[in-house]
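Engineer: Chains as they are written, first to last, in our numbering: chain H, 1 to 113; chain F, 1 to 113.
Calculated directly from the structure, the hints in this document are not laboratory data.
Quick reminder that beta carbons are idealized off the backbone N, C-alpha and C, glycines included.
Treat the hints with caution; some may be incorrect.
[Unchecked claim] No more than 25 Å apart at the CA atoms, straight line, and that leaves these computed lysine to any residue pairs for SDA-like:
{"no.": "1", "chain 1": "H", "residue 1": "68", "chain 2": "F", "residue 2": "44"}
{"no.": "2", "chain 1": "H", "residue 1": "100", "chain 2": "F", "residue 2": "12"}
{"no.": "3", "chain 1": "H", "residue 1": "112", "chain 2": "F", "residue 2": "57"}
{"no.": "4", "chain 1": "H", "residue 1": "1", "chain 2": "F", "residue 2": "22"}
{"no.": "5", "chain 1": "H", "residue 1": "100", "chain 2": "F", "residue 2": "112"}
{"no.": "6", "chain 1": "H", "residue 1": "1", "chain 2": "F", "residue 2": "103"}
{"no.": "7", "chain 1": "F", "residue 1": "57", "chain 2": "H", "residue 2": "58"}
{"no.": "8", "chain 1": "H", "residue 1": "68", "chain 2": "H", "residue 2": "81"}
{"no.": "9", "chain 1": "H", "residue 1": "100", "chain 2": "F", "residue 2": "42"}
{"no.": "10", "chain 1": "H", "residue 1": "68", "chain 2": "H", "residue 2": "83"}
{"no.": "11", "chain 1": "F", "residue 1": "9", "chain 2": "H", "residue 2": "1"}
{"no.": "12", "chain 1": "H", "residue 1": "1", "chain 2": "F", "residue 2": "106"}
{"no.": "13", "chain 1": "H", "residue 1": "1", "chain 2": "F", "residue 2": "112"}
{"no.": "14", "chain 1": "H", "residue 1": "100", "chain 2": "F", "residue 2": "113"}
{"no.": "15", "chain 1": "H", "residue 1": "100", "chain 2": "F", "residue 2": "40"}
{"no.": "16", "chain 1": "H", "residue 1": "1", "chain 2": "F", "residue 2": "3"}
{"no.": "17", "chain 1": "H", "residue 1": "68", "chain 2": "F", "residue 2": "99"}
{"no.": "18", "chain 1": "F", "residue 1": "83", "chain 2": "H", "residue 2": "31"}
{"no.": "19", "chain 1": "H", "residue 1": "42", "chain 2": "F", "residue 2": "54"}
{"no.": "20", "chain 1": "H", "residue 1": "42", "chain 2": "F", "residue 2": "12"}
{"no.": "21", "chain 1": "H", "residue 1": "112", "chain 2": "F", "residue 2": "30"}
{"no.": "22", "chain 1": "H", "residue 1": "42", "chain 2": "F", "residue 2": "53"}
{"no.": "23", "chain 1": "H", "residue 1": "112", "chain 2": "F", "residue 2": "40"}
{"no.": "24", "chain 1": "F", "residue 1": "9", "chain 2": "H", "residue 2": "7"}
{"no.": "25", "chain 1": "F", "residue 1": "71", "chain 2": "F", "residue 2": "83"}
{"no.": "26", "chain 1": "H", "residue 1": "42", "chain 2": "H", "residue 2": "7"}
{"no.": "27", "chain 1": "H", "residue 1": "1", "chain 2": "F", "residue 2": "59"}
{"no.": "28", "chain 1": "F", "residue 1": "9", "chain 2": "F", "residue 2": "113"}
[Claimed, not checked] Under 8 Å between C-beta atoms, here's a sample of chain F residues computed to sit facing chain H:
{"no.": "29", "residue": "27"}
{"no.": "30", "residue": "28"}
{"no.": "31", "residue": "31"}
{"no.": "32", "residue": "39"}
{"no.": "33", "residue": "42"}
{"no.": "34", "residue": "43"}
{"no.": "35", "residue": "52"}
[As the list claims (entries may be wrong)] Facing chain H, from chain F, some residues (calculated, C-beta under 7 Å):
{"no.": "36", "residue": "50"}
{"no.": "37", "residue": "53"}
{"no.": "38", "residue": "57"}
{"no.": "39", "residue": "104"}
{"no.": "40", "residue": "105"}
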Amino acid sequence: KQEVTQIPAALSVPEGENLVLNCSFTDSAIYNLQWFRQDPGKGLTSLLLIQSSQREQTSGRLNASLDKSSGRSTLYIAASQPGDSATYLCAAPQRGGGNKLVFGAGTILRVKS
Amino acid sequence: DGGITQSPKYLFRKEGQNVTLSCEQNLNHDAMYWYRQDPGQGLRLIYYSQIVNDFQKGDIAEGYSVSREKKESFPLTVTSAQKNPTAFYLCASSPRTSRETQYFGPGTRLLVL
């Protein structure tokens with residue numbers, strides 16, 4: 001059964017710093033991996049989806065990498081801003097079809113101005 | 001505007017009462033999902049549906065029921081059998097293919113009186 005772990009659980013950084021969020025998964029037979037952002041009391045917003053054939057995906061200041069063999073993904077945020085403060089969730093598919101996702105507990109990010 | 005709507009935003013349940021959470025999408029997506037989120041935890045799948053008139057249990061289906069009579073709608077009923085219903089409930093949808101991201105609604109917070 002797929003299990004997803006995210007570290008650190010919380011992170012506080014000064015504005016402008018580059019940072020890395022980590023995600024690990026136990027079942028490497030995945031077809032993609034996704035990163036989402038959640039603001040307090042809100043739904044999830046998709047940030048990046050990396051297909052299994054890709055090693056990286058970029059959107060603006062965000063870059064996500066995927067290493068299936070080691071069961072790891074990282075989300076790199078460049079030049080962090082206070083508006084980046086949110087919870088970041090990683091999700092990997094569960095075997096058995098149906099596009100079922102298994103989520104990590106998330107990393108709570110606070111960017112201080 | 002295309003998207004997913006959930007109502008109500010807040011819902012209060014009395015002991016022994018069944019309550020129904022609404023989820024509607026106008027994205028023409030075949031698949032729909034219900035997740036539960038508890039503080040400090042990731043999302044857990046309650047039920048999912050890949051097509052109208054068909055749905056499957058997720059990881060924590062006990063105490064919940066769903067229906068999928070229309071493509072646009074996937075209501076979730078929290079029954080009196082669910083002894084710890086206080087949580088944030090999120091609905092999502094996706095195209096049927098397993099390589100697409102899921103789009104999330106704004107969530108419903110359920111509280112027990």
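Engineer: What are the numbers of the hints that this structure violates, sorted from low to high?
Structural biologist: 2, 3, 4, 5, 7, 8, 10, 11, 12, 13, 14, 16, 18, 19, 21, 22, 24, 25, 29, 30, 32, 35, 37, 38
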